[in-house]
Amino acid sequence: MAKEAWVDELPSVLWAYRTTPKTARGESLFSLTYGMEAVAPAEIRELSWRVKQYNSDSNEQCLRMNLDLVEEARERATVRAAMYKARMAKAYNARVRPRSFQVGDLVMRKVKASGPIEKLDPKWEGPYKVIEIVNGRAYRLQHLDGRNIPRMWNVANLKKYYS
Numbered sequence: 001m002a003k004e005a006w007v008d009e010l011p012s013v014l015w016a017y018r019t020t021p022k023t024a025r026g027e028s029l030f031s032l033t034y035g036m037e038a039v040a041p042a043e044i045r046e047l048s049w050r051v052k053q054y055n056s057d058s059n060e061q062c063l064r065m066n067l068d069l070v071e072e073a074r075e076r077a078t079v080r081a082a083m084y085k086a087r088m089a090k091a092y093n094a095r096v097r098p099r100s101f102q103v104g105d106l107v108m109r110k111v112k113a114s115g116p117i118e119k120l121d122p123k124w125e126g127p128y129k130v131i132e133i134v135n136g137r138a139y140r141l142q143h144l145d146g147r148n149i150p151r152m153w154n155v156a157n158l159k160k161y162y163s
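Its first residue numbered 1, the sequence shown is counted upward by one per residue in the UniProt record's numbering.
Since the hints were derived computationally from the structure, they do not count as laboratory data. Don't take each hint at face value.
The calculated label-pair distances, taken between Cβ atoms and stated as ranges, are [as the list claims (entries may be wrong)]:
#, residue 1, residue 2, range
1, ALA38, ASP105, 55 to 65 Å
2, ARG151, SER100, 17 to 27 Å
3, SER100, PRO150, 16 to 26 Å
4, ALA5, LYS123, 32 to 42 Å
5, ALA82, PRO150, 37 to 47 Å
6, TYR34, VAL79, 47 to 57 Å
7, LYS119, PRO150, 23 to 33 Å
8, LEU144, MET83, 30 to 40 Å
9, VAL39, ALA89, 34 to 44 Å
10, ALA94, VAL39, 35 to 45 Å
11, SER12, ASN59, 23 to 33 Å
12, LEU120, LYS22, 48 to 58 Å
13, ARG80, TRP6, 52 to 62 Å
14, ALA38, ARG151, 16 to 26 Å
Listed below are the simulated DSBU-like cross-link pairs for lysine-lysine, each with C-alpha atoms no more than 35 Å apart in a straight line [unchecked claim]:
#, residue 1, residue 2
15, LYS22, LYS129
16, LYS112, LYS3
17, LYS160, LYS119
18, LYS129, LYS119
19, LYS123, LYS112
20, LYS90, LYS160
21, LYS160, LYS85
22, LYS129, LYS110
23, LYS90, LYS119
24, LYS110, LYS123
25, LYS85, LYS112
26, LYS159, LYS129
27, LYS3, LYS90
28, LYS123, LYS159
29, LYS112, LYS160
30, LYS110, LYS159
31, LYS85, LYS110
32, LYS160, LYS129
33, LYS85, LYS22
34, LYS119, LYS3
35, LYS159, LYS112
36, LYS160, LYS123
37, LYS112, LYS129
38, LYS3, LYS22
39, LYS112, LYS90
40, LYS129, LYS90
Ideal Cβ positions, reconstructed from N, Cα and C, are used throughout, including at glycine.
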């Protein structure tokens, strides 16, 4: 596919995205918006049972009944999204190890955070000495010879140095 052809594919991609049920909500965006599942273009061409049984009088009556169900579906989707978010947070927090350093600790800093690296270059450099803690998660560092490093470093880019 050519780079310029994405414009032609966009409607199909958006249709697929909006009509596919999402894990977090348990519903598709289309069903949450319109209160019913979408009729795919292939169903219209081949006259599926949903298209064959269309009756304008009963359709309007069903739409009015479904109006109440739309709010319930949206509330269920909101609850499901909150539960999904809590599950994801719990899974993340189970793997994360909180790090903190004290003034005077020796640390290594991630090389990638200070600039690009080659494949076989070391991933960590140091040791450096922690000279100041800023907001609990950022640290000012110093070379062992006493020269200060000009910027602060986030705890995510540091690890303890064991000598």
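Looking back at the hints listed earlier, which ones does the structure fail to meet? When the structure is compared with the hints, numbers 6, 8, 12, 13, 14, 15 and 27 turn out to be violated.
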